[in-house]
Every structure is written in C-alpha cells, then in structure tokens.
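Participant: Residues per chain, in single letters:
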Amino acid sequence: MNPFRADTPNDKTPEPATIVIFGASGDLTKRKLIPAIYNLLIGRHLSRVAIVGTSRTVMSDDDFRESSLDGINKYSRQRPVDERVWSTLSRSIHYHPGAFDDPAAFVRLRERLEVIEKQHHLPANRLFYLSTPPSAFAPIIRNLGAAGLVRPGENPFARVIVEKPFGTDLASAIDLNRDVHEVLKESQIFRIDHYLGKETVQNLLVFRFANGIFEPLWNNKYVDHVQITGAETLGVERRGAYFDHAGILRDMVQNHLFQVLCLAALEPPGSFKANAVRDEKLKVLEALRPIEPEQLEERVIRAQYLSGSVLGAQVPGYREEEGVGKESQTETFVALKLFIDNWRWGGVPFYLRSAKRMPKRVTEVAIHFKNVPHRLFAGADGGPNVLAIRIQPDEGITMSIGSKVPGQALEIAPVTMEFRYASSFGVEAPEAYERLLLDALAGDGTLFTRGDEVEASWRFITPIHQAWLSGKGKMHGYEAGSWGPDASTQLLGKDGRAWRRP
Amino acid sequence: MTDAARLERFSAGEHFAVHPDAIERELSSLWRAAGKSSDAAHPVTRACLWNVAIHVEERAGREGYFDPEAQVRMVNDLPRYLAARAVVLRTREPEADKEELESWISANCILSGDGGKLVCSEEITLASRGPGDRHLPSLVRALLVPAVPTALVFGGVPDPEAPMIKGLVGAADRLVVRADRAQGSDPLRRIAKYLERPDLSVIDLGWVDSSAWRREVAALVDPPFPAEEISRIQKAELRAPPSERVTARLLLGWIGASLGVGLPVRIGHGAWRLPKVGGGDLQLNLRIDEGEALGVELSGHNLSRPLAIAARRDTETIDISTVEGFVDQKPIKQRQAAAILSRALVTRGHDRAFQRALRLATELS
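Chains as they are written, first to last, in our numbering: chain X, 3 to 504; chain H, 53 to 417.
Rather than coming from a laboratory, the hints here were simulated on the basis of the structure.
Hints should not be assumed to be uniformly reliable.
[As the list claims (entries may be wrong)] Below 27 Å or equal to it, Euclidean Cα-Cα: the simulated BS3-like pairs (lysine-lysine) are:
no.: 1; chain 1: X; residue 1: Lys14; chain 2: X; residue 2: Lys223
no.: 2; chain 1: H; residue 1: Lys88; chain 2: X; residue 2: Lys76
no.: 3; chain 1: H; residue 1: Lys169; chain 2: X; residue 2: Lys362
no.: 4; chain 1: H; residue 1: Lys88; chain 2: X; residue 2: Lys406
no.: 5; chain 1: X; residue 1: Lys32; chain 2: X; residue 2: Lys76
no.: 6; chain 1: X; residue 1: Lys223; chain 2: X; residue 2: Lys187
no.: 7; chain 1: X; residue 1: Lys372; chain 2: X; residue 2: Lys328
no.: 8; chain 1: X; residue 1: Lys406; chain 2: X; residue 2: Lys285
no.: 9; chain 1: X; residue 1: Lys328; chain 2: X; residue 2: Lys187
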C-alpha cells in the first residue's frame, strides 16, 4: 500500500503501465482510445504510461504519433491540444508492426516492450487493448500467452481489454470464453461495453441505491411497465456489409440495451465491487423469460427502414444502402416485450426497442408507474407518473407528475421535474472510454461484462435470431424518420399501453 | 422596464439594487419572467447545487484576507464549474450618509452545450458598512436555498472567535479557507480551531490546488519502486519559496503523517523528528529560500534510487527525478480559482488526508 494514497478513496490513479493497442491503425484508436488517454493525462488521472500501437500496417513511431495527434485534434473533448501535455504524451507513444497470427511477432513485441519499459522506467504492468476484428481475439490471446506476455498475477499485472462483439451467438461466445480462459484468468479479462462507461448508465445505480425514496417503489407493486429505447438517426453508413451480417438485435440489444436493462432491474448488490454487481446482473439475465418460437410474433417485432426523411435530409431505404443485399433479411429495428421472472418484477413487461433511422438519437429508460388505485378527481387525470432516465443525449432525469391547473375548474395536467447534467454540474462528463481505460488500469472490472453474463445474454438472444434465420417472424418496414412500424405500436397497444415519445 | 428587458439585463450579469427583505421576491419575479420566455433564442433556466457564501473583506487592516476583487471574480466564474447560489458578503468601512446595509441581485450565466439554454446561477450581494455586519449571519440564513449544502468561503483564514464569523460558520456545512493567502500569524492553527466542530468539513484551497504535486509525490513510490523500501525512507526535505511557506508546512505535515506516527519533536531550525510506522525515526526538514521550487527529496538507508520532485510555478512543470540520471517533466495545468473552489466542493464529507496533514503541520513551527 502506497502510504501517500491513504485517505484518498476516490483517487483511482493506477500504477504506471504500458498500454498495448492491437488494431492501432484503426478508427477506434484514433477517435476514442488516444483522445481518452490524452484526456486522462490532462485530468491528472494517470501517473506514468507508455503506449505501444501494433497492427499489420507498417508505420514508424513518428507516423503513429502524427496519427495520434490528428486524432486528438479532431476528436478530443478538450481542444485545442495542450502542447505541453502532448509533448509529454508523444514521447511515450511507440509503434510496433506485426501480424496477429504470427507467434514470432509476439516474441518481438515482448522484446520491444522490455526496451520501452526500460526507456521510460516503467514496471512490467501491461494492458493489452484488442481493438481488432473479433476473429483476431482468440489468436492474439493465444499468442500473448505463448510469448509469456500475460502471466497471471498482480505485480506486475497483465490485463486484456476485448472490444465487442464477444461472439456472434451462444456457441461462438462459449468457444471464445473457452479459448480466452485457456490463457487468462477471468480477473485479467475486461470485456468492454462502452455504454457502461457512460455517466448516466452508472447513475442508474447511484439513483436507485443512493436515494431512499425510489427503491421501495421499484417493483411490480408500483411499476406498471418499463420502456427502454436506443434510437439512432444514422443508417448503416459505411458499415453496411458488417451490419447486414449482424443486425440491430445482435449489434445493440444483446450488449448495450441488455446492460441498461440489467442495471435498471437488478437487486441491490452487497457492495459496489465488481463481482457483487456482476452477480446481480447475471441473475437478471438468467431470469429473462425465454421467447419461444411460437411467441415470436406476439413478443418480437423486427423491421427494416424504407426511404424517408431524417432531420431534413432524404435518405435511402436499408436495402439500397452500400454493402447491403437487395434481398436482405437483416433487421434495423427491433422491439421486444420481455419479462423478468423473479419476485420483484413478476408480471411487469419490459418493452425494449432499438433502431436505426429514427427521428432523433436517444437512449433512455422510462419507468411507468401504475395509476392511482381510485380516481378521486373524476374526469381529471394527469396520467401515470413516469420517471425517465436519459442516457444520451441531454443526459438527465425527468419525473412527470400530475398537478392542478390554476383556475376555478379542477383540471390536472402533467408537469415535469427535470434534472440535467449539463445544467446542474457545468463540467463536462468524461468520455466512456476514459472511465473504462482508467478502471482497467486500476483492475476494477465493475463496469465490464463477465464471461457468464455474455453467455447468458446470448442464450436469450440466439434462439430469436435462429428463428428469424429459419424464416419465422414477419419483416416489417418503416419509413426512415418515423418511430418504427405500426406493428411496434401494436405491441404495446394490445396491452393498453403506448410507446413514450422520447 | 418590461419583464423581458429586465430578465435580459439580469441574465447578462447586471446588478439590480433591491432591499434585503425583497431579495427572494425579486428573484422569484425574474424567474417567473424566465418561465414565460421559453420561446426566446436562449431560454433561461436556474440551477443550484450549493449555497456558496463568500466573504469579501474590504475593511483596511483586517487580518487574514486577500485581494477582494479576486474573490468576486471567482464567484463570477463559478457557474462554469458548479451551479450555486452565491451570496457575496462585502464588509466595508462605515461611511457617513450611507446605509448600513445594501443589497443587489444578479446572475452569472453560461450557455449550456445541449441546445443553447442559458443556465444561470443567482448572485446576491450584501454590502455592510461598519456595524452593519451584525445583520449578515441572519440574512445569510434566510437566503439559503433549502435542501442543498452550504459552503462558506474566505480568501484567507478568519478569526474563529469573531462574532460575525461565528454566526456565519454556524450556518455552514463546509468551510473553505485559503491559508497560503492569509495574513496574520499561524493561519494553520486558526484552521485547526474550526476542526473542533465535527459536523463542519473544512478544506483549504491551497491544499486542493496542490493535488497534482501530491499525486506526483505518491507516484514516486509506485512500482517499480520496491514497496519494501518505503519503510527505509528516513528523511524528507521539503524546499519552498517564501511565498509558499504555509503550503509547504501543510505538505510536509502530509508527508510526515503518511510515513510517520505521533507528533514531531523539533531538533533544530526547520528540522523535526517523529517515529515511523515500522519503527525508527523520520526526519522532516523544511528549507525556505528565495528561488527554490516547491520540491521534496526523500532519502534513506539503501534506497535503490533517490526520490525527488520539484514544481516550478513559473514554468508550470513538475520535474521528477525518479532514477539517477533520469529526469521527467510533467506539465501542471494551472486551474482557475473557481475551478479549484468547485474541486473543494465536489466531494462531500471530511478530507481525512487534509485533516491528518493539518494536525501534524500545526506542530511544525
């Protein structure tokens, strides 16, 4: 224990380390990872760090530094670049070309790391970031193991961050977990879902468990239903070929929306330690009532966007997008009616929807409370209370309550109480990748998904996807710029409910 | 003047004179006008997470204060970092034909990044002349926004026994002082007196501002420095320019409290000794000299390398000498006074590290 860090429980400054980025020539490194490291340095959250980029692309240290600076200049939340901080950071940036499937390249990487660590007087603490196509995860981890780069232990530590998607179905997720566990202990693996790094997603836990008034209402006695929406205005952009293989169910729901669902629904963990939180998330996923093939039509709606207008621009339909097959059966919209079969949530439907080409970009959780048991004010009704937790953009929380309209008549109108991060705190929230990189360097896995969580989510999702592959489940269409197909409206309408307009 | 024009001038920072008993009423009226202006180019919204009462001492010869206008600038900049109702308490010399007490309301607004809303923090200025300061504690109590915490901020360290100060401190959850800018003798001992109230959390802005320096000191003994060698550190020598004498004592107190136990014994000019956690003694040396950078050197028996850092305010860097022949330089980004104040308020409860440092530092005289 460093005696100078005593009594500073919120000081997360991790031990000095080297961050090795696989896939360093890719977009994520430039857009997110390097700017995140730069911002962590500006915020004084890192003590000493070296960065080693690696990929098949041949480039020099200086080329990688130039690309990194370009990334900071374009994508950092703190601009213009601070020359003094960049000067410190640039000296720590290195590049090492190598193929992911070449064991000899990993031996050379180890030798290079030893030189760099000596040069910067760093311990052999290493964080490997796999920002590569999923097919490279297993070979990289195998080769890291063979080269002696990821020995278990905390002094020095060797940890691996794996980007999504972790598997494409249950079988592939199980295979990948097996491959990974042959080399790494679970405590060394950090499966990243950047949604968990968002302030508002973390605030779901704070909101629920740091306030005494909400948790007593957070159950089937008071909650009528829950809506979770993850909407994008974008189409598939240049990722048509990738997306046409994945679909919104596997690209968004299996990971991001299920993580949000877990945090909204989990039982209070015994502590805020990684496994305590992840145990509770796993219980939620395991309690999801499976959707049998014959229930597909009544509980799952899938659709593709047609041409339309989004934010004032005319956009093509999904099947007209580059890289997308003319007969594609890949969904760009999905709405699900889920049940969590446990004591707390028995009988409460959770409606999830996620889609591309919606009218606005928004991710939110809305808790719809039950109406009052007896309507005292005949003919006047402010509607049920809704607590909406906005994850992005305009992060915040709104609560709608019924209030008397001033005047002689007794009329009730819904009014909202609103908390907005931007208004209340003034300071800009850190990017999700900043928080997650810092946590991984500090060895805190709370905001990362565990292997059994990933398998549990695939266990639920895979049968739906397989049913679609076998031709079950009608593919609906919806106009780009709308909130989805009529069938989605009906999904709630037949229960006497309606989607909230976010 | 129409409501809309009045609101526009208010949100642009103009001060409106208002009688003390009409402050809340006038503010409410302005916010009602803001509610009606929702279709304006920049709708105005009010935000408040803290009550921040800031004492600006304008009377000559009063001990323990520093640059009144710097205090006011800090209030004006605060909403960029933290939404708060600011109550500025200006205490002035008596003047013939002038009221004992005057007050103004204004707003400090920022344009939020999420759609162009003007997010405003209220500023209430109460100016007392001579004995008019007796009204301030009760007025402050009346003007606090309910259900949010209250910080009382001084540009130095006021006398805890002064009646007005006693009255103000009684309304506060957090006391924010600035020992390194304080006049008068031994401001650290004055701060320590405030620690006697257990429900009041006390913090020093110089301490908050030194966080980068402290982190670098902590990083000196991070791996690869062997953990077992920490117990071999026998001496900490802290050097500082005269302008940072008070902060230097506080930081030496922090080092002593981190590595040692018990209270220090003076063994010479600027030198003390105290027992170490694992046995043996730790020597603390304080050297104040013009031209020195705020730095520390940790030395001891059989250390695998010398441990030293130095921070020069003029060059805004921390030079770290971690291994013989290896010197690293890290930039320190100077924080604005308002940013430092917001850091001092962001965590709730007591800063135990500060309390331990202060207790030991008061013995280093």
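Participant: So, for every hint listed, does it hold in this structure?
Facilitator: A quick look at each hint next to the structure:
{"no.": "1", "hint": "X:Lys14 x X:Lys223", "verdict": "40 Å, violated"}
{"no.": "2", "hint": "H:Lys88 x X:Lys76", "verdict": "39 Å, violated"}
{"no.": "3", "hint": "H:Lys169 x X:Lys362", "verdict": "19 Å, holds"}
{"no.": "4", "hint": "H:Lys88 x X:Lys406", "verdict": "19 Å, holds"}
{"no.": "5", "hint": "X:Lys32 x X:Lys76", "verdict": "9 Å, holds"}
{"no.": "6", "hint": "X:Lys223 x X:Lys187", "verdict": "41 Å, violated"}
{"no.": "7", "hint": "X:Lys372 x X:Lys328", "verdict": "45 Å, violated"}
{"no.": "8", "hint": "X:Lys406 x X:Lys285", "verdict": "42 Å, violated"}
{"no.": "9", "hint": "X:Lys328 x X:Lys187", "verdict": "44 Å, violated"}
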